[in-house]
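**Student:** Just so you know, the protein sequences line up as chains A and B, in that order.
Those letters in the first sequence? Residues 1 to 229, per the numbering used here, in order.
Those letters in the second sequence? Residues 1 to 406, per the numbering used here, in order.
Some hints here could point you the wrong way.
Below, computed lysine-lysine pairings styled on DSS-like, alpha-carbon distance capped at 27 Å [stated by the list, open to error]:
1) B/LYS7 / A/LYS123
2) B/LYS393 / A/LYS123
3) A/LYS179 / A/LYS3
4) A/LYS123 / B/LYS17
5) B/LYS258 / A/LYS87
6) B/LYS393 / A/LYS87
7) A/LYS87 / B/LYS17
Quick list of the computed label-pair ranges, beta carbon to beta carbon [said to hold, decoys possible]:
8) A/ASP219 / B/VAL305: 16 to 24 Å
9) B/ARG404 / A/LEU182: 49 to 57 Å
10) B/ARG396 / A/LYS7: 47 to 55 Å
11) A/ILE146 / B/ARG19: 38 to 46 Å
12) B/GLU11 / A/GLU65: 20 to 28 Å
Going by beta-carbon spacing under 7 Å, a handful of chain A positions derived as facing chain B [unchecked claim]:
13) LYS3
14) HIS53
15) ASP59
16) ASN75
17) ASN79
18) ALA82
19) SER86
20) PHE91
21) LEU99
22) ARG101
23) LEU110
24) PRO111
25) TYR114
26) ILE117
27) GLU121
Rather than coming from a laboratory, the hints here were simulated on the basis of the structure.
A quick note: this is a predicted structure, and the numbers were derived from the prediction, not measured.
Beta carbons: idealized from backbone N, C-alpha and C, even for Gly.
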Amino acid sequence: MSKVVMKIEKMTKIYHLGKVKVEALRGVSFAVNEGEFVSIMGPSGSGKSTLMHIIGCLDYASGGEYLLADQDVSNLSDNQLALFRSKKIGFVFQQFNLLPRATNLRNVELPLIYAGIPARERKKIALQALQDVGLGERVSHRPNEISGGQKQRVAIARALVNHPSIILADEPTGNLDSKTGLDIMDIIQKLHEEGNTIILVTHEPEVARYAKRIIHLKDGLIDKDEVVA
Amino acid sequence: MILQGLKIALESLWANKMRTFLSMLGIIIGVGAVIAIVSVGTGSTQQVTSRIADLGSNMITIYSKTVRGQASTVSGGSSQENFTLEMADYMEMFSPSVKKVIPIKQVSGTLISDDINVSATVIGTIDEYAQVNNYGVAQGVFLSQDDDRERRQVIVLGSQLAEDLFDNENPIGKGVKINYNGRIFVFTVIGVMKEKGGSMAGSLDEQAYIPLSVAMDRMTAHNYVNSYLAQSYSSEKASNAAKELENFMIKALDDPDKENFKIISQDEILGTVSSVTNTMSLMLGGIAAISLLVGGIGIMNIMLVSVTERTREIGIRKALGAKNKNILFQFLMESLSLSSVGGMIGVGLGWLIAYFLSNFADWPLIIPVISVVLAFGFALFIGVFFGLYPAMKAARMNPVDALRYE
């Protein structure tokens, strides 16, 4: 049927805090198909942040395999990981993580800069992306001049510009009031309907329920992998 | 990638204008100080050397060394007695590079006009003194051959001396008394010299000139002089002339150890002066260079703070696909821009300081290109050197930790 976008196999992650060994992931395996919308749920300390960092190519796993867009990512160098982050991953963070002193347009342009897109084309793509999230009027504002919901939309626009294989959303509604949170989830829902692959990390069941599939994580292991109707 | 880094760096510097300016300040002051100090050094050196050259770079002075315990006014076996007028003629004769030898009899005393007393150096000499020294009168005339032959009691005053004695009145034709060893001699002022400024032996403007015959026969009753002023045919021949004179004096005085005379050429004085001023400007330039170094450490300090402060920004950039290289270049370009813009402002500031100082002190404005190139180049080097560590620290940050940083 659908193509597999990412697949992890027996992934482990061990932190050494002084003499104490902390096993954040103890052998997690799952695959995500193209166009799928998956939520990863779990209480704090369940390892979901660690998992997200590894899926986002921000961190190395201690063991196991990770295939992203048909390539083995497990043993890549810093530079190669940066390239994957640039081309294959779009991040949406709980803290928005926009550069406070740069304009919205500039913030959205940032991934394009590191992907080596020429300036003129960059501006065009970024403008279009901002328009798509309904912020065409706010291109030259700075993040501290707009509301939280608008910030998250800028972040979504930024996540989309490089046409990533996976959009990784880490508690995207965590810093928003419930109404704005719903707006943002509607946008993410829409992105899914347009065919984007989305992995959503959250601890709120109402947010997780937007996805068609929910992976429950507990103590570094998959507790339940359920398909929701 | 370098251009990209530069652009991001400039944006971030522009966003923090105050901090940017403060971190540049050290470099601005350092570069400015180097350029101003070197310019002041060269300007003042040139002024001093050109003044000495004005005195005549082809001039050689032959002094008699007074043996300790024998005052010059007391005769009695002193080598000074050999410094006769005939000796001057022989010197000219036996030294082919020497054009003219002028005898000088120095009689210091108190000059009196009405109720004003000024002590001054009075020089007994001949008419050619003015011409050999390239030194003329502003008013009246200099001593003449007739004045010397007829032992006229006439006097030519240095410009400062004339002002001290006569204020703004015209001194020509007025009487001046000289108190020399308790005896009073009355002179008539016939001329006032042009302003000349200082020399190694004090200001020429505070000297007075009288006929040699008056100084030797009337005032001191000596048949010898204090020194000779020899002029070589050209400045190139000055060192030859000095050697010839030395050989002559050794033979004439039978003094192989040069115990009784001393020969000094203007060239020698020039060399001493310029080596002294060179040492001075080297030392001051070194101090300025240290301030440049301190400025560099200031940049490193600011950059380290900036890296820590922007840990999260680094994390964001890395999450969005920035490679370590991108981050490295961004921060390196920031410190390089700081130091180069600071360096440029410093060059301007140094030029301004040098300009005002040269106007104020009345020496030529000289800014050696080498000092600009060195100061600016050193500033750039400092920018790279002290920027490298913070930039590497930024580039090596772990993206997960950087993103979590509050």
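**Student:** Hint by hint, where does the structure go against what was stated? Just the numbers, ascending.
**Tutor:** 2, 3, 5, 7, 8, 9, 10, 11, 12, 13, 16, 26, 27
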